[in-house]
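The numbering of the sequence shown is this note's numbering, which starts it at 152 and goes up by one.
Everything labelled a hint here was simulated from the structure, so no lab data went into it.
Model, not experiment: these values are computed from the prediction.
C-beta atoms are modelled at their ideal positions from N, C-alpha and C, and glycine is treated no differently.
All clues given are correct.
Straight-line C-alpha distance at most 20 Å; calculated SDA-like pairs for lysine to any residue:
id	residue 1	residue 2
1	K251	G197
2	K200	R318
3	K219	A207
4	K200	E256
5	K219	V231
6	K219	R244
Here are the in silico distance ranges between beta carbons for each label pair:
id	residue 1	residue 2	range
7	G260	K330	39 to 47 Å
8	G310	E232	46 to 54 Å
9	E304	E232	52 to 60 Å
10	R324	E253	19 to 27 Å
11	H226	D319	45 to 53 Å
12	D175	G334	55 to 63 Å
13	A314	A235	37 to 45 Å
14	R209	D175	47 to 55 Å
15	G197	R315	14 to 22 Å
16	D182	R315	17 to 25 Å
17	G197	A235	30 to 38 Å
18	G224	R315	43 to 51 Å
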Amino acid sequence: MFETLRQSLNDLMARATKPEERRDALARMKDSLVQARLGVEDLRAGVVKARAQADAERRELETVRRRKALAEGIHDRETVEVAAKYEGHHAERLEVLERKVEVQERELGLAERELDEMNAEFRRHAIGAVPPPSTAGVVQDPLSEETGESTREAIDALGRERARAARDEEAERRLEALKRRMGKSP
Numbered sequence: 152m153f154e155t156l157r158q159s160l161n162d163l164m165a166r167a168t169k170p171e172e173r174r175d176a177l178a179r180m181k182d183s184l185v186q187a188r189l190g191v192e193d194l195r196a197g198v199v200k201a202r203a204q205a206d207a208e209r210r211e212l213e214t215v216r217r218r219k220a221l222a223e224g225i226h227d228r229e230t231v232e233v234a235a236k237y238e239g240h241h242a243e244r245l246e247v248l249e250r251k252v253e254v255q256e257r258e259l260g261l262a263e264r265e266l267d268e269m270n271a272e273f274r275r276h277a278i279g280a281v282p283p284p285s286t287a288g289v290v291q292d293p294l295s296e297e298t299g300e301s302t303r304e305a306i307d308a309l310g311r312e313r314a315r316a317a318r319d320e321e322a323e324r325r326l327e328a329l330k331r332r333m334g335k336s337p
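Could you put together the complete structure from these sequences and hints?
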């Protein structure tokens, strides 16, 4: 998933020979790792969403089956036929959603392992980097900053931006659905 990112990290470190260049390359690597972490978080959110969809579909299937059984109990052939039709639709959709969850979970596991490898690689490269003159002799975690605030702020800002975009998209989707129901849009 992150093959090109990993390759660019290796290329940066291979080219960066001066201490200043290595520090710059490490800073770029750190930014890339932040983006990779956000990508993994997106995958996690996708898995949660897919699980919720599968759970909702499972409940719908149970409801249809219950209604079908009730219709069979009162010998309502027409309702039984309709329920059987919808039972097939919901069962098929549930099967697809369950496969989707499985695939997304596997993809998330792969991405998490790759991110762990990239972090380890970053740390290996950071150990060989000469610290900036102002911090010479001070050993720091290469993934942390003095307070870690700027990285946290950047991640929080990106998270807020994504959440806002998701809310806007959901509102637009609901508005379109409402328009269709009211007959104002095709």
